[in-house]
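Please arrange chains B and C on chain A, whose structure you already have, making use of the hints.
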Amino acid sequence: MTHRKILIITTNHSSYPGADAVGQARMGYGANTYIIRVPDPVMFPEDFYLRAYEKGIGGIIIMSSGSDCPYEGAYERLSKRIARVYEQMRAKGIAVNRLKLTTICTVCRAAFLKEISEMEKAVAVI
Amino acid sequence: MSLEKIEVDALVVGSGIAGLQSALDLADQGYSVAIVERNPSIGGKMISLSKVFPTLDCASCITTPRMASVSHHPRITTLTYSTVDAIRREGKTFTAAITRKPRYIDEKECISCKRCEEVCPVFLPDEYEQGMGAKKTISIPFTNAIPQFPVMHPEHCIRCGACARACPKDCIDFLQEPAPVEIKAKAVILATGYETTPMTAKKQYGLGALPNVISPMAAERLLAPHGPYGRVLRPSDGMTPGSIAYVQCAGSRDKSIGIPYCSRVCCMYAIKQAILLSGSLPIADITIYYMDIRAFGKGYEQFYNNARAMGINFVKAKVARITEDENHNPVVRIEKQEGTSGPEEIKHELVILSQGLVPACDGSKFGLGAANNEFGFVKLSDETVSSAVTDGAGVFVAGTAKGPRDIPDSVVDAGSAAIEAASYIRRL
Amino acid sequence: MNEKITEAASKDNYRQEPKVGVYVCHCGGNISDIIDVKAVAEALSKYPGVTVAREYAFMCSSNGQDLIAEDIKNLGVNRTVVAACSPSLHELTFRNVLQRAGVNPYLHEHVNIREQASWVHKLDKAGATAKAIKLAQAGVEKVLRKDALNAIRVAAEQRVAVIGGGVSGMRAALSAAGKGLEAVIIEKGPRLGGKLLELGKMYPSGETGPAIVKKLSDLVLAEGKITVHTSAEIDFVSGFVGNFKINFKKTDGSSAQVKAGAIVMATGYEHYKPAKGEFGYGEDANVVTLPEFISLLKNSPADRLEYSGREIKSLALIHCVGSRQVEGVHKPQADGRLNDYCSRTCCTSALHTVNQLKDKYPGVRVYDIYRDIRTYGMKHEEYYDKASKDGVLFMRHNEADQPVVTSDRTGHTVKVKDVLTWGEELEFKADLVVLVTGMTPADITLIKSQLKLPSGADRFLQEVHPKLRPVELANSGIFVAGAAQYPMDSTEAMASAGTAAAKAAILLAEPDIPLEPFVAVVDEHKCTGCGLCPAECSYDGALMMGEHNGKKVAVVNPALCKGCGACVAVCPTRAINVAGWTLDQFDAMVDAIAKE
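Chains as they are written, first to last, in this note's numbering: chain A, 1 to 126; chain B, 1 to 428; chain C, 1 to 596.
Just chain A, with the same shape it has in the complex (with noise of 0.2 Å):
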């Protein structure tokens, strides 16, 4: 059901490595999952998440490489691009906790299973 999909954009750098890394141990989350990779999120505009939804995706999670980010000044304009999604987000009458944006480490084994679950729980109520 495509309402439940969670897209889930990571870094090359930081966050993907991440999520391989959960799977190197064996974790496990739902396969309603879709990981896409990026050099850095930054790069999509705010109309990208909104036609996501449009599309019928149920919950976006942006894994950020935080502050391990190569790229100078990229996560402040993330924040606040992210930050005009969610007013987009409301005027729309689209949930706001169904775009979540979080910062994973090659190794956040942990954080990563718990973003998943939180953003199922979002998504299960649409």
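The hints are simulated quantities; they were obtained by calculation from the structure and are not laboratory data. Hints are not guaranteed to be accurate.
Away from chain B, derived, C-beta distances all over 10 Å, residues of chain A [stated by the list, open to error]:
{"no.": "1", "residue": "Lys55"}
{"no.": "2", "residue": "Gly73"}
{"no.": "3", "residue": "Val107"}
{"no.": "4", "residue": "Lys114"}
{"no.": "5", "residue": "Glu118"}
Below, computed lysine-lysine pairings styled on DSS-like, alpha-carbon distance capped at 25 Å [as the list claims (entries may be wrong)]:
{"no.": "6", "chain 1": "C", "residue 1": "Lys415", "chain 2": "B", "residue 2": "Lys336"}
{"no.": "7", "chain 1": "C", "residue 1": "Lys415", "chain 2": "A", "residue 2": "Lys55"}
{"no.": "8", "chain 1": "B", "residue 1": "Lys45", "chain 2": "B", "residue 2": "Lys92"}
{"no.": "9", "chain 1": "C", "residue 1": "Lys331", "chain 2": "C", "residue 2": "Lys313"}
{"no.": "10", "chain 1": "B", "residue 1": "Lys316", "chain 2": "C", "residue 2": "Lys38"}
{"no.": "11", "chain 1": "C", "residue 1": "Lys358", "chain 2": "B", "residue 2": "Lys255"}
{"no.": "12", "chain 1": "C", "residue 1": "Lys417", "chain 2": "B", "residue 2": "Lys336"}
{"no.": "13", "chain 1": "C", "residue 1": "Lys415", "chain 2": "C", "residue 2": "Lys429"}
{"no.": "14", "chain 1": "B", "residue 1": "Lys169", "chain 2": "C", "residue 2": "Lys358"}
{"no.": "15", "chain 1": "A", "residue 1": "Lys55", "chain 2": "C", "residue 2": "Lys595"}
{"no.": "16", "chain 1": "A", "residue 1": "Lys114", "chain 2": "C", "residue 2": "Lys429"}
{"no.": "17", "chain 1": "C", "residue 1": "Lys125", "chain 2": "A", "residue 2": "Lys114"}
{"no.": "18", "chain 1": "C", "residue 1": "Lys201", "chain 2": "B", "residue 2": "Lys379"}
{"no.": "19", "chain 1": "A", "residue 1": "Lys55", "chain 2": "C", "residue 2": "Lys429"}
Think of the CB as a built atom: it goes at the ideal place given N, C-alpha and C, for glycine as much as any other residue.
Just chains B and C now, with coordinates in the frame of chain A:
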């Protein structure tokens, strides 16, 4: 057994951060490099640390990309679980006799699926976890080991055959023999690293027999994100300690144990561990007994100030003796140098000895002219002019093989050794 | 500039009809035990754009790789998707397969269905299979929209410019020249050698500063590949990696320019100059800094320690002057900041000097007032030991209780609350007070502003990563050696300078510097010249508005672009994208994932 022969420009002995970095710095300049590592995985000590000072970066997160670069680099060949038995010099060439120790698996076929590990019925104490936690007799040494190949320990194997049956590629080889390898190189970089002062070194500190007096590496594993227990416990009873103490200069600045020098990093790693403990055990009482706090590097003083602001107690006192009570609570005997006089005995629940750094390997044993200083570390021929050149022509040294140093020092050493080796090779 | 830099994306107008080959790996059961790989391959074979879809036991094996090579040869497959383990393991392997078979290696997409599917969905085989199909379909959508990419190459000057001719600068130049590069040292003073020229016997070898300088400068002057300019001050520096231009003026009025592919900042330090009145400095006679004392010691007659013609019978050293400053206790510096850092070498330097003092004048009483004794080096503990054996009296104070120096006709009185004697306030007289001063970075304001060099709160040049990249600055092609980065002793500077040279040598190992193709690329047909994107870019000079074919467009300097994509998000027409990671690709991937 046929002799495997490898010819490279440079041979790097040791794959800790200094070895990895010097190999990368050489290979990126166009030279071919062979790294020989005696442990089953590259990464040295750094891969088993929790976080590093003063940035509190996760140690694995910053080491694994280097390890990955080395394993993917077209000009670097890595031999792990291999020992350097001898290095001979003939004219301009070094010939190293290496032995590949048997892992008892076929590395060409293994796909790192870990089926063998899953089905093996025999548990062993996990040496990567400093003896805490258990691993299987056939297992990949740790999660991010490179290469991701298991090692089988034949002395504990019961020959049940479960691994062989489970392996999808049929690559368990019980009869594997050590394999000789010959490496010819034009230059050698010794990056053999360090060990920490043994827990048995000082009799006044319990000779390693007190269960709740642990080594700093054991503390690192307890604090590491994927350590043996996922949290900090004390060995004797698995309790969460409420009162923790660090004994600085436990294995350094001490003529009585033959280590009179300062090991340079212990103040900082103790402060780092104390800060991490503060985070994971917010109500614990943490004390650092010190002689001098040597926070001399970039960002170190600020790190020290943060630790004090977090409520970690710094007590200037050399710990004379450590004993324990009937519940294995360690008791330290000190004479405080501040406040009231007289000796005191203070009880804690867990004590970590801030051990010093001693050489891991005797570099002079290769007989290549690289001499040791009086503490067994490799000596430089003239440290006022070069940080990597030894008395042996074509033999260079990087990292803690020269003496205690921290990670940035080792990285800087490595680059320096790489360019000295490159200049040397060019002039041959 | 454009002729020296080859473009990242080749916009081939004769785009071939895309023929995608999809390969699903069993990974020896690791994937196929959970995911129905046959079903995945079947679903993909029907997907638009896919010419062939196969599944195989081990795609990374030679046989697996051959499957792809054969399909390229026989079926005209010109783009590939491999659904297997993590790309961290074999993305390069498969790019090489494509390259060997004559297809651009960047027309490959690697989809992770092991670490991120079969290994984490063991209890949901149906779910894992459905997910694998979706991910592979998303992979196809991405690869259909990929452009052939070429590594960007920036032509580089095979020369390193070393700014500063002290021991760090000399070592950096020697190491660079040893590797076959040309090196140019630009030194503002009249001679090579920097601060070491002022020093007497140095630790650990006991050689004098000038003797060590001579060793290095003899090597420098004998090295044909090194050019030295002394009495030369930097006037204007500009450029980017591979192409820096350093203009300098000499004191004789002449000027010159050096072109270099890399720059090593070896500009060193200054001694901390105590403020007037700081422990009596500048107000009372007989309060000197450690460097001044070292000079004094060198020039004193054999029979007595002398200063300003008077005999010194007792002296007090006060550590951490100008370093480890604390808010509320110390006054801020001229720029409002405190020097809160430790200057690293002063404890050892001070005690080594005291050792020499006691050897030459054993009768002089020495008091040493400190906060921590930081003799951290291999042999440095011996200097502390010897000082103690030579009868130096050590007193330790907390930072909040600073020692107080007062003076009258009879000399100086020093008061200190000594924690080693349980906080008692001790008072003694000293003929001379020596302030153990630290280091501050040399003034390089001009160069920093021209090249936009970063510095930390401590004012020293800021490296990219303090643990793993200690000599690299964020500016590509610019490295730092020696005390310009942080206080250090001359032996540490040897390592620092050696490694800075190594980094420069790696950069300039070939006449062209290859850069990853994943940089921003502007489609000039779509660009309307609106000018929104440069404001998003954090990297000076990487993205600017310019002109091409008479049209105002955004222009990327691939040598400076880091490929973060910050610019991509604001473009109203999607004219700018990071090559290999375009918004069209991601939109199509989300479409494929969202579809039922």
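Here is what the structure says about each hint:
Even its closest Cβ contact with chain B, about 34 Å, leaves lysine 55 of chain A beyond 10 Å, as expected for a residue assigned away from the interface. Distance to chain B confirms glycine 73 of chain A as a non-interface residue, since its nearest Cβ pair spans about 19 Å, more than 10 Å. With a least CB separation of 5 Å from chain B, valine 107 of chain A falls inside the 10 Å interface cut-off, contrary to its annotation. Every beta carbon of chain B lies more than 10 Å from that of lysine 114 of chain A, the smallest distance being close to 14 Å; the non-interface claim holds.
Listed as a non-interface residue, glutamate 118 of chain A keeps its Cβ farther than 10 Å from every Cβ of chain B; the least gap is roughly 20 Å. At roughly 23 Å between alpha-carbon atoms, lysine 415 of chain C and lysine 336 of chain B fall within 25 Å of each other, so this suggested pair holds. Restraint check for lysine 415 of chain C and lysine 55 of chain A: the C-alpha separation of about 77 Å exceeds 25 Å, so the hint is violated. Distance hint between lysine 45 of chain B and lysine 92 of chain B is unfulfilled; the C-alpha atoms sit about 33 Å from each other, more than 25 Å.
Note on lysine 331 of chain C and lysine 313 of chain C: the hinted pairing is violated, with a Cα-Cα distance of about 32 Å set against a maximum of 25 Å. For the given pair, lysine 316 of chain B sits about 69 Å from lysine 38 of chain C by alpha-carbon distance, which is inconsistent with the 25 Å threshold. Restraint check for lysine 358 of chain C and lysine 255 of chain B: the C-alpha separation of about 24 Å stays at or below 25 Å, so the hint holds. Among the hinted pairs, lysine 417 of chain C with lysine 336 of chain B is consistent with the structure: their alpha-carbon atoms are about 16 Å apart, no more than 25 Å.
The suggested pairing of lysine 415 of chain C with lysine 429 of chain C holds, with an alpha-carbon distance near 9 Å, which does not exceed 25 Å. Restraint check: the Cα-Cα separation between lysine 169 of chain B and lysine 358 of chain C comes to about 73 Å, which exceeds 25 Å; the hinted pair is violated. As the CA atoms of lysine 55 of chain A and lysine 595 of chain C are separated by approximately 8 Å, the hinted pair is consistent with the 25 Å bound. For the hint pairing lysine 114 of chain A with lysine 429 of chain C, the CA-to-CA distance comes to about 66 Å; that exceeds 25 Å, so the pair is violated.
Distance hint between lysine 125 of chain C and lysine 114 of chain A is fulfilled; the C-alpha atoms sit about 22 Å from each other, no more than 25 Å. The straight-line distance between the Cα atoms of lysine 201 of chain C and lysine 379 of chain B is roughly 21 Å, inside the 25 Å bound, and the hint therefore holds. The straight-line distance between the Cα atoms of lysine 55 of chain A and lysine 429 of chain C is roughly 83 Å, outside the 25 Å bound, and the hint therefore fails.
In terms of the numbered hints stated before, the structure departs from hints 3, 7, 8, 9, 10, 14, 16, 19, listed from lowest to highest.
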